[in-house]
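Participant: Spelled out from the first residue to the last, the chains are:
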Amino acid sequence: MVIQALRRVGSKGVSFLESFGASGMFLFHSLFAIPNIRNNFPLLVKQIYAVGVMSLVIIMVSGLFIGMVLALQGYNILTRYGSEQALGQLVSLTLLRELGPVVAALLFAGRAGSALTAEIGLMKSTEQIAGLEMIGVDPLRRVIAPRFWAGIICMPVLAVIFSSVGIWGASLVGVDWLGVYSGSFWANMQDSVQFSDDVLNGVIKSIAFGFVITWIAVFQGYDSVPTSEGIGQATTRTVVYASLAILGLDFILTAVMFGDL
Amino acid sequence: MSDRDSSGIENSDNDGNFIEVRDLTFYRGDRVIYQNVSLDIPRGKITAIMGPSGTGKTTLLRLIGGQLKPDSGTVKVDGKHIPNLTRKELFALRSRMGMLFQSGALFTDISVFENVAFPLRVHTDLPEDMIRDVVLMKLHAVGLRGARDLMPSELSGGMARRVALARAIALDPDLVMYDEPFAGQDPVAMGVVVQLIRLLNDALGHTSIIVSHDVAEAASIADYIYVLADAEIIGQGTPDQVLHSDESRLKQFMQGLPDGPVPFHFPARDLCDDLLAGVK
Numbered sequence: 001m002v003i004q005a006l007r008r009v010g011s012k013g014v015s016f017l018e019s020f021g022a023s024g025m026f027l028f029h030s031l032f033a034i035p036n037i038r039n040n041f042p043l044l045v046k047q048i049y050a051v052g053v054m055s056l057v058i059i060m061v062s063g064l065f066i067g068m069v070l071a072l073q074g075y076n077i078l079t080r081y082g083s084e085q086a087l088g089q090l091v092s093l094t095l096l097r098e099l100g101p102v103v104a105a106l107l108f109a110g111r112a113g114s115a116l117t118a119e120i121g122l123m124k125s126t127e128q129i130a131g132l133e134m135i136g137v138d139p140l141r142r143v144i145a146p147r148f149w150a151g152i153i154c155m156p157v158l159a160v161i162f163s164s165v166g167i168w169g170a171s172l173v174g175v176d177w178l179g180v181y182s183g184s185f186w187a188n189m190q191d192s193v194q195f196s197d198d199v200l201n202g203v204i205k206s207i208a209f210g211f212v213i214t215w216i217a218v219f220q221g222y223d224s225v226p227t228s229e230g231i232g233q234a235t236t237r238t239v240v241y242a243s244l245a246i247l248g249l250d251f252i253l254t255a256v257m258f259g260d261l
Numbered sequence: 262m263s264d265r266d267s268s269g270i271e272n273s274d275n276d277g278n279f280i281e282v283r284d285l286t287f288y289r290g291d292r293v294i295y296q297n298v299s300l301d302i303p304r305g306k307i308t309a310i311m312g313p314s315g316t317g318k319t320t321l322l323r324l325i326g327g328q329l330k331p332d333s334g335t336v337k338v339d340g341k342h343i344p345n346l347t348r349k350e351l352f353a354l355r356s357r358m359g360m361l362f363q364s365g366a367l368f369t370d371i372s373v374f375e376n377v378a379f380p381l382r383v384h385t386d387l388p389e390d391m392i393r394d395v396v397l398m399k400l401h402a403v404g405l406r407g408a409r410d411l412m413p414s415e416l417s418g419g420m421a422r423r424v425a426l427a428r429a430i431a432l433d434p435d436l437v438m439y440d441e442p443f444a445g446q447d448p449v450a451m452g453v454v455v456q457l458i459r460l461l462n463d464a465l466g467h468t469s470i471i472v473s474h475d476v477a478e479a480a481s482i483a484d485y486i487y488v489l490a491d492a493e494i495i496g497q498g499t500p501d502q503v504l505h506s507d508e509s510r511l512k513q514f515m516q517g518l519p520d521g522p523v524p525f526h527f528p529a530r531d532l533c534d535d536l537l538a539g540v541k
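Listed in order, the protein sequences are those of chains A and B. Counting from 1, one number per residue, gives the positions in the first sequence under our numbering. Counting from 262, one number per residue, gives the positions in the second sequence under our numbering.
In isolation and in its complexed conformation, chain A is listed as follows (with noise of 0.2 Å):
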């Protein structure tokens, strides 16, 4: 009985490791394979728009709604202390640190992260994958490199288009709406926010992530089991995967850049 449950999880354990590996050699030949210029800029400007420019909608209008909530949430607590003014400074590093670029991670995993897996999943199960392979077209630097450059070029331009229509939305409630003087909602914003501090380590942050979710996603995609049942489940685990991998990391990201550690 020991035995047994010894050997189930020493067999986990070698599947986990063996699937760790797999992934870390994909992403190896995906990324550092020799890029050919004339071939794949096409397909990364492609993918480009597929991640990035698709994704557009669904950034702009989630960031301009937890802009306006954190305005209203923000100016509810500051009014008890008269500090109101204080809006601007509050809403943008709250945006620029924080929630500008996890959230924006968490909706681009949830939008471009599933397509991406399901899109991969769908070219293995109709052999398109192997078609490529069969003629002498490598798929990891076909397929698989424009996607993933796409993700990490895409997400950092998602996640300050999230803060900024953020801020801009928490100027129309905090200014237009509750009254706050607008001079001083910019004044303190623009004297609180450092560039090298906040609006630089918000772009690292986003970078790590994209570079976490799309590396996910394309990998459970070209791992993925080819049925439908076998796509399914790997969409869910790219959902799932990178939304931990998002807050987990970001909890370490926070903890090197602004925890003096």
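In short, the hints are calculated from the structure, not lab data. Careful, some of the hints might be misleading.
Derived pair list, reagent style EDC-like, types lysine to aspartate or glutamate, alpha-carbon separation capped at 16 Å [unchecked claim]:
1) A/K46 to B/E281
2) B/K341 to B/E281
3) B/K349 to A/D138
Please arrange chain B on chain A, whose structure you already have, making use of the hints.
Facilitator: Frame of chain A; chain B shown alone:
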């Protein structure tokens, strides 16, 4: 005689064999697909691989193409041991192969024209007008020149397989592997495809492997036939030799007889035992 190709791998003329498989053993889980199978595919000829469903005919094509690795034994293509090739060498060798998949495996996000043009675009520097001419000629050969602007989702299964055939021969490769090329074709299209495979082989001198269940069609164009069953080769020879063999398993398969030693059922325990066992 030996020489070296651009990838630096030594080639040999292999006594006229383009592919040599020796003592091939391959398992899928615990199930034996091949047990010490050896076969040769002669250069410039059409070789048919036949056998009942589930005997691993497509698996053999994937082993030759390097998409699967054997558990033991050697698979040599043009003198190169496939499992030992590096990723780069394998992809270089595959650019000299064409494969028609059972499903067609067309790229669904591009048109019929672009599917056929794809190998030309990635492996050659031909100007656009020449690519257009080659693609139209290949599509004309399979009767689908008029369908060039359609998307793969707008094609029937048989049409998709004919487009895939045009794509497989787009580069005039040294080796073409056809996986069930006659499946889903109407009688006219079947006749054209049979004629086309023979014509291409004779005109271009490439090596062809056909995996098929269609005994009459495959036997009409093949130079040599292997029949696989029970993880081994149960018969081989020219179409005439195989069609008129007295070996019981071969005779049953080639003549489509319902009774004989080739099992219709997937391995299972006795039906009565199975029914009486009830739900556990």
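Participant: Please flag the earlier hints that this structure goes against, numbers listed from lowest up.
Facilitator: Hint 1 alone not satisfied by this model.
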